[in-house]
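Asks: All chains, full assembly: derive it from the sequences and hints.
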Amino acid sequence: MSLTIDDVRRVANLARLEFNEAELAEITAQLSKVVTLVDELAAANTDGVDPMVHAIELANILAADRPKPSVTRAEALQNAPSADDECFRVPAVLG
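Okay, so the sequence shown: first residue is 3 according to our numbering, each after it adds one.
Everything labelled a hint here was simulated from the structure, so no lab data went into it. Take these hints with a grain of salt, some might be off.
Result set (SDA-like, lysine to any residue): computed pairs, CA atoms no more than 25 Å apart in a straight line [what the hints assert, rightly or not]:
#: 1; residue 1: 35; residue 2: 23
#: 2; residue 1: 35; residue 2: 25
#: 3; residue 1: 35; residue 2: 20
#: 4; residue 1: 35; residue 2: 18
#: 5; residue 1: 70; residue 2: 90
#: 6; residue 1: 35; residue 2: 70
#: 7; residue 1: 35; residue 2: 7
#: 8; residue 1: 70; residue 2: 57
#: 9; residue 1: 35; residue 2: 24
#: 10; residue 1: 70; residue 2: 88
#: 11; residue 1: 35; residue 2: 13
#: 12; residue 1: 70; residue 2: 81
#: 13; residue 1: 35; residue 2: 11
#: 14; residue 1: 35; residue 2: 22
#: 15; residue 1: 35; residue 2: 15
#: 16; residue 1: 35; residue 2: 21
#: 17; residue 1: 70; residue 2: 89
#: 18; residue 1: 35; residue 2: 4
#: 19; residue 1: 35; residue 2: 14
#: 20; residue 1: 35; residue 2: 48
#: 21; residue 1: 35; residue 2: 5
#: 22; residue 1: 35; residue 2: 19
#: 23; residue 1: 70; residue 2: 56
#: 24; residue 1: 70; residue 2: 82
#: 25; residue 1: 35; residue 2: 6
#: 26; residue 1: 35; residue 2: 16
#: 27; residue 1: 35; residue 2: 50
#: 28; residue 1: 70; residue 2: 55
#: 29; residue 1: 70; residue 2: 45
#: 30; residue 1: 35; residue 2: 9
#: 31; residue 1: 35; residue 2: 3
#: 32; residue 1: 35; residue 2: 47
Per label pair, the in silico range of CB-to-CB distance [as the list claims (entries may be wrong)]:
#: 33; residue 1: 58; residue 2: 27; range: 36 to 42 Å
#: 34; residue 1: 60; residue 2: 15; range: 39 to 45 Å
#: 35; residue 1: 66; residue 2: 89; range: 29 to 35 Å
What you are looking at is a predicted structure, and each value in this text was computed from that prediction instead of being measured. The beta-carbon is built from N, C-alpha and C at its ideal position, and this holds for glycine as well.
Replies: Next up, the structure:
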């Protein structure tokens, strides 16, 4: 399947895009190459190939979510410019 300038002009109109004639010619050539590549992919023999979402099967690659020791509240607040007994004190954000 090959695209014509009229095809690209119609799609551009639907997408509310404006191109001059030189741009239309360039875009038509580029899109024609893409359509040709898609046609080649569609012609590939995929008999016996199971459908898949990814080319590589991914396993759970996340680390286990296990609790571990953390800093104490006092250690967290020790460098705060202003702190209450248990909280950071910050300037009011909303009037």
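Asks: Please go over all the hints and tell whether each is borne out by the structure.
Replies: Do the hints match the structure? See the list:
1. 35 / 23: Within the cut-off at roughly 19 Å; holds.
2. 35 / 25: holds, 16 Å
3. 35 / 20: It holds: about 21 Å lies between the C-alpha atoms, which stays within 25 Å.
4. 35 / 18: The given pair, whose Cα atoms are some 23 Å apart, holds under the 25 Å limit.
5. 70 / 90: Given that 25 Å is the threshold and the Cα spacing comes to 23 Å, the pair holds.
6. 35 / 70: This hinted pair is violated, its Cα atoms lying about 55 Å apart.
7. 35 / 7: holds, 14 Å
8. 70 / 57: Measuring from Cα to Cα gives roughly 36 Å; hence the hint is violated.
9. 35 / 24: holds, 17 Å
10. 70 / 88: The given pair, whose Cα atoms are some 21 Å apart, holds under the 25 Å limit.
11. 35 / 13: Holds: residue 35 and residue 13 sit about 17 Å apart, inside 25 Å.
12. 70 / 81: Holds, because 22 Å separates the two Cα atoms, which is no more than 25 Å.
13. 35 / 11: Between residue 35 and residue 11 the Cα gap is close to 17 Å, so the pair holds against 25 Å.
14. 35 / 22: holds, 20 Å
15. 35 / 15: holds, 21 Å
16. 35 / 21: holds, 19 Å
17. 70 / 89: holds, 22 Å
18. 35 / 4: holds, 9 Å
19. 35 / 14: The given pair, whose Cα atoms are some 18 Å apart, holds under the 25 Å limit.
20. 35 / 48: Cα-Cα ~22 Å, so holds.
21. 35 / 5: Since the Cα atoms of residue 35 and residue 5 sit roughly 9 Å apart, the hinted pair holds (cutoff 25 Å).
22. 35 / 19: Holds, because 21 Å separates the two Cα atoms, which is no more than 25 Å.
23. 70 / 56: Measuring from Cα to Cα gives roughly 34 Å; hence the hint is violated.
24. 70 / 82: holds, 24 Å
25. 35 / 6: holds, 12 Å
26. 35 / 16: holds, 21 Å
27. 35 / 50: Given pair residue 35, residue 50 is violated - Cα atoms ~28 Å apart, limit 25 Å.
28. 70 / 55: violated, 35 Å
29. 70 / 45: violated, 54 Å
30. 35 / 9: OK: residue 35 and residue 9 at ~14 Å, within 25 Å.
31. 35 / 3: holds, 10 Å
32. 35 / 47: holds, 21 Å
33. 58 / 27: 36 to 42 Å: For residue 58 and residue 27 the Cβ distance comes to about 39 Å; the hint holds.
34. 60 / 15: 39 to 45 Å: Given range 39 to 45 Å: holds, Cβ gap about 41 Å.
35. 66 / 89: 29 to 35 Å: With Cβ atoms ~31 Å apart, the hint holds.
Checked against the numbered hints above, the structure breaks hints 6, 8, 23, 27, 28 and 29 and satisfies the rest.
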